[in-house]
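Residue numbers (this note's numbering), protein chains in the order written: chain A, 1 to 889; chain B, 890 to 1115.
None of these hints come from the bench; they were simulated from the model.
No false leads were slipped in.
Computed beta-carbon distance windows for the label pairs: (1) B:1000 / A:474: 28 to 36 angstroms; (2) A:402 / B:899: 28 to 36 angstroms; (3) B:952 / A:399: 27 to 35 angstroms.
Which chain B residues face chain A? A few, computed with CB under 7 angstroms, are given here: (4) 938; (5) 943; (6) 964; (7) 970; (8) 978; (9) 982; (10) 984; (11) 991; (12) 996; (13) 1053.
Quick caveat, the model's predicted, so the values are computed rather than measured.
For every residue, glycine included, the Cβ atom is placed at its ideal position computed from N, Cα and C.
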Amino acid sequence: MSLRLLLALAWRESRFARRRLLLFLSAISLGVAALVAMRSFSAAMQDGVRGQARALLGADAALSSRQPFSTEAEALLDSVARAGADITRTTSFASMALAPRTGATRLVQVRGVEPAFPFYGTIETKPEEAWSCLRNSPCVLADPGLLISLGARVGDTLQLGEVRFLLAGTLEKIPGEVDLAAAFAPRVFIPRRLVPATGLVRFGSRVEYEALLRMPAAGAVEQLAEDHRRWLRAERVSIRTAEGRQRMLGEALDRLGGYLGLIGVVALLLGGIGVASAMSAYMKQKQGTIATLRCLGATSTQILKIYLLQAALMGLAGAALGVLLGLATQWVVPHLLASFLPVDLEIAFRPSVVIAGLLTGVWVALVFALLPLLDTRLVSPLAALRRQVEPVRLPGIDRWRWAGIGVMLGSALLLIVLQTGELRPGLAFSGGLLVTLLLLAAAATLLIRLAAALRLDSLPYVVRQGIGNLERPGNQTRVVVLALGAGVFLIATLFITQHNLLRPLERDDLATRANLLLWDVQEDQAAGVGETLAAVGFPLIQAAPIVPMRIAAVNGRPVRARTPDDFEGPPEGDAGDSGEGQPEGWAVRREYRSTFRDTIVASERLAAILEAKCGRGTGGADPPRGGAGDGGDGGAELFPRPCSTESDGEQLPPVSLETGIADDLGVGLGDQITWDVQGVLIPTRVASLREVDWARFEPNFFAVFPASVLEGAPQTWVLLTAVPAAEQRARVQRDIVQRFPNVAVLDLTQVQQTLDETLGRISLAIRFLAAFSIATGFIVLLGAISAARLERVRQSVLLKTLGATRSQIASILFSEYLLLGLISSAAGILLAVAAGAALARWQFDLEFSLPVAPLFWLAAAVTALAVSIGLLASREVYRRTPLEALREE
Amino acid sequence: MLIVRDLEKSYASGGRPLTVLRDVSFRVEAGESVAIVGPSGSGKTTLLGLLAGLDLPSSGSVRLDGTEISRLSEDERAKLRRYKIGFVFQSFQLMPSLTAQENVQVPLELRGERDAAPRAHRLLARVGLEERRGHYPAQLSGGEQQRVALARAFVHEPRVLFADEPTGNLDAVTGAPVVELMMELNRELGTTLLLVTHDAELAAQTRRIIRLADGRVVADSGANGR
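Just chain A, same shape as in the assembly:
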């Protein structure tokens, strides 16, 4: 039989079922739409990054360091300059900005730039010519957000440290930087030559020095980076190139798009499950036709082909619908993610994305339709002769069926792995998804059983009948619950996680707790700042000295001699620093801002402590302490008591490490670390390990020394105080900034707001995509209603013949869909609570709490939608008269 004839027969045979088939197969449309939108967005990002590569860095290459460049590094810059490269420098640090007109203050990131900055790309400002002002006058440009929080306007004076600047304009767009970067501390650009005059770069300040390079010849950049990266790293200078930055950004954005797109894949796979279920119901209705075809001599392969072609055609239509929807949606995604994007996006029609979307859609439709279609082989031709016929029994193992299952699971796996772009995470996600779906199916089954068990005689008949309908033969209840429940699960998990991440900031109400963090307080200022606070009635809650230091040696091996590969850890500074390198030796080379004290504080827990080994025969060794028992007992001793005997003369001073950093360094109790404290080497022994609750907004430290060891070292202070009212906080900050311009103040309530907003924006983007899953669930529901239409009409006709009124029939349907909505929500939320609790406990290390209100509203909305859609789609069931229905039979 030729393809043409098969197509013709498939097309004709589908004549009265096309609308229904399209509905079944459009379950994949929303998944395809989400994928097309995300892929188009990813493609636009890649194009953007490629097209704007050099502007992203503003240079061909950049050298940066947390300390002034070493003589060797300066020598390298000199030689590069002699070879014809242009160099411009920036100096960046955090500081308080004060608007004298309004008296408001705000923590900002100051960046001192030279006139040549940037070599590539344009920094958009408002007014447009404002940038040139940085060349010749003491003026600044700032993020618009700063003006809002200071109540300032262009033309005002802005005080940074000892200098008053003219606020010349706002920064509208900085190539290569995400707007979000300014959320915690707005950016302020000043002329670099005025940095010293501000007096803000002092001992202990966290400053980043950067040299931007414009190379005379293309290709010289990569060579330069290649030749010098290794030794520069030892000098604590990192080098980035435009190409490296493009590659890294490209990969990061690819991953972002890939992972967000996974939500689309989930919607697509849920749609696939819906397709499988609806097709299965459809094929049951087609048994008579199939039996007749077999009597007329059609082989099982011919019949399979006929229905596969139908599925493919309708799948193509469903996918095309999805592609159109995706193309319409692709304009929405960049808006949702705007504050996370470092490049301008040009959304365009991309044929490759459209074709990929169509193929993916048709493939998923076919693969999921395959299993029910394989059942056509089981239809006996005898069914054309009589009603009750046993299905055909196939000899041996049904290889085709197993192959069908294999193709289905394999395709799902392939789709996910292709989406993540990496095998391992793809496999992990697939496994997680499978477990989630199995658990959801189990929860659905359990809840349906529970509902059936509750079908008490005391309930009105219509309710009992409605519950019974969920279990009618050939029902698709489980699949609908699975599809809807999965959407609910995704969104509920988001709500729960967001709630738990933000809760530590909200609990105990920040207004009455410590909420102002002051740092960069110089040793000679500490007392003055304390007095200033006390004068307005706000005592210090905590004060910790900070001594900057680095590691000189671990267990006797000097740090520079060790290969960086000996250590693992995140890259230094922001993710861009290491650009094209591996995250090497971060824990070893980072600057440690350590403190000294002898006791545990509330945010810490002693994990292990070294048993004091005093001289033989003294018998004075302390019993082992530490462990799980004495957590959080502020005031407990941090170090083992020193031996009373003088015999152990070479005893090293103890140091206490945070457990995570100890792991990164590869050291444990008893190991030796030599610290370089501003040129003075201090050998220590790791004497205790602490678990630190970093989620608490308190000064926390990787390394803590006994007071006796560090007291004399140059230090700055971190102070913590509590100022309840917002106006008081503003006033305190102003007073501090005016008296001590170099002291930085962080208002934790502001941090809370920013986090709240940021998480809100992220979760909005994810929720938007998750909505595709929920909507897919509703399409699956529509498909299920349509598939069971005939049985429902028969039932209602029978009931009407027996005297049921329309409103009674509507009530039966109402209770059915109400229950369906409730069960789906319950299954999804149940699983989300479990997932949310697991995430909070193991991923974020937080105490779990349930956001009851949003979950309630989610369940209410899903149930209301299920009832509305169910009643609307079934209106003919209660509208039609028995006679009409009988005639159609």
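For chain A, the structure is supplied; the task is to place chain B on it using the hints.
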């Protein structure tokens, strides 16, 4: 043409085997017309299903035009039906989404024949439904539907036609012309006819009657030593 030997068919019913046909043997020559009659539950339809290769016997054999059909796979039997067998069902079994003409074309199209449309058209004209060829089954009367089914059964000129209670869903007035038409076509095309019925009047129009009771052949008007 059709040789049936020691045919037996049993089903598992409620866990116990239930024999619905036993020791059935007969042969039918080409061009013969045979009625299989018997009360409900006597095994008529089961026998028809076995003869047409819709089902497999528990034991015994059916040889159709020289081919032992119980040795064929499901798909080989389908191909045998495609080329050699025609069917008329009690409930017509037209495909609801296909027009009359398209329904008649199906056997030819399954064979991949390109002239399906003109041949189907000719046969529809022969059964008097040329004007109705664009109608769907739901738009046709019972008698018309069965005439379309007749056209479909004969369109590929099968060697054997199996008819299962062809007038079972029709009243006497509409049933008679359908039977007449079937017999005419049978004669014109020289088809072997096997029909299952409990309608004595219909059976009387065939040349031979095989009577079943309790799954056994109890009488065979043509069993002259064969």
